[in-house]
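Peer 1: Chains as they are written, first to last, in the numbering used here: chain A, 546 to 766; chain B, 22 to 124.
Treat the hints with care, since some could be wrong.
Said to hold, decoys possible - Pairs of lysine-lysine, DSBU-like flavour, derived with a Cα cap of 35 Å: (1) K112(B) <-> K684(A); (2) K684(A) <-> K618(A); (3) K114(B) <-> K589(A); (4) K684(A) <-> K101(B); (5) K101(B) <-> K589(A); (6) K614(A) <-> K626(A); (7) K684(A) <-> K589(A); (8) K101(B) <-> K114(B); (9) K112(B) <-> K101(B); (10) K114(B) <-> K684(A); (11) K684(A) <-> K626(A); (12) K589(A) <-> K112(B); (13) K684(A) <-> K614(A).
I should point out that these hints are in silico values taken from the structure, not numbers from a laboratory.
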Amino acid sequence: MSEDHGHDHAEIGPEDEHPGLQWDVSLSERAKRSLAMHELLIEKGVVTNEEVETASNNLRRRTPADGAKVVAKAWVDPEFKQRLLDDARAAVYELGYSLAHDAELSVVENTEDVHHVVVCTLCSCYPSSLLGPPPDWYKSFAYRQRTVIEPRSVMREFGLELSQDIQVRVVDSSADQRYLVLPERPAGTDGLTEEQLADLVTRDSMIGVTNPLSPEGAPIS
Amino acid sequence: MPGVHDRGGWPTDEMIDRSDHIWTDWEYKTHALVGALRFRELMNTDELRRGIEAIPSEDYEASSYYERWSRSLETILTEKGVLSTEEIDTKVKELEGRWESDS
């Protein structure tokens, strides 16, 4: 191991900056056992430090900006959009994104009549290959429990009040099947470039708990 | 009755806490270890899930997300004989000693 104290700030992105990773205080027993397994597995050569570093970097490689590029492309290119809905894996590969080999991805389209929202009631399955790791709330018991029975009330907490005329479809992810929401393109965006459109696509709008931003940057409800 | 992990539809009045915690180093390492083991074909997503879903209800609910991963990791690795509980116990003591002398 190149370090025995874990002060590997360099591998943590700027958005994660925080004073002093606390190692020796307030570590739970579980945390200590993880660190012990980490050191043992490398000592024994079961995995290499480089492999762990690579996996750690992979975890931070994707952010919601990646998913937003896919959505913006679908908004400006109807043929790409159709390919995305038909075979998401192949379509996102065109843009340089590779999905984890063991999880299929379906892109579900929001329209003026139908609104999709994604949950994983069993755990935390999420299209991380396009969005990065899920937010904490996505993994929370409250979100996992409530979304399948009261999605409108959940969305209301996120500031989205959907008309009763809009049908809500909740899609429940699994380890084998993940979902990304293709939000509806906001009105008044005809003059925007693909890049400008991508700025309107928030992480939460690709989970379906909100709509994308309006061209003025306000959440659309 | 569904397992403790199978939470869809369980009634609750709890609001959704939308704050995100800052990932600590051990959480990154736990996630990355599973990734590295997956790369070596020593562990897969279904095994990770099985290990998580086998955690007794009370512990499951009291644990943080990566504490559950960590527990599953230990379950699967000890089951496969890659590591033993005793080895991990010993290593924890060694690390504690090292942190003690460094602080």
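Peer 1: If you test the structure against every hint from before, which numbers come out violated?
Peer 2: Violated hints: none; all satisfied.
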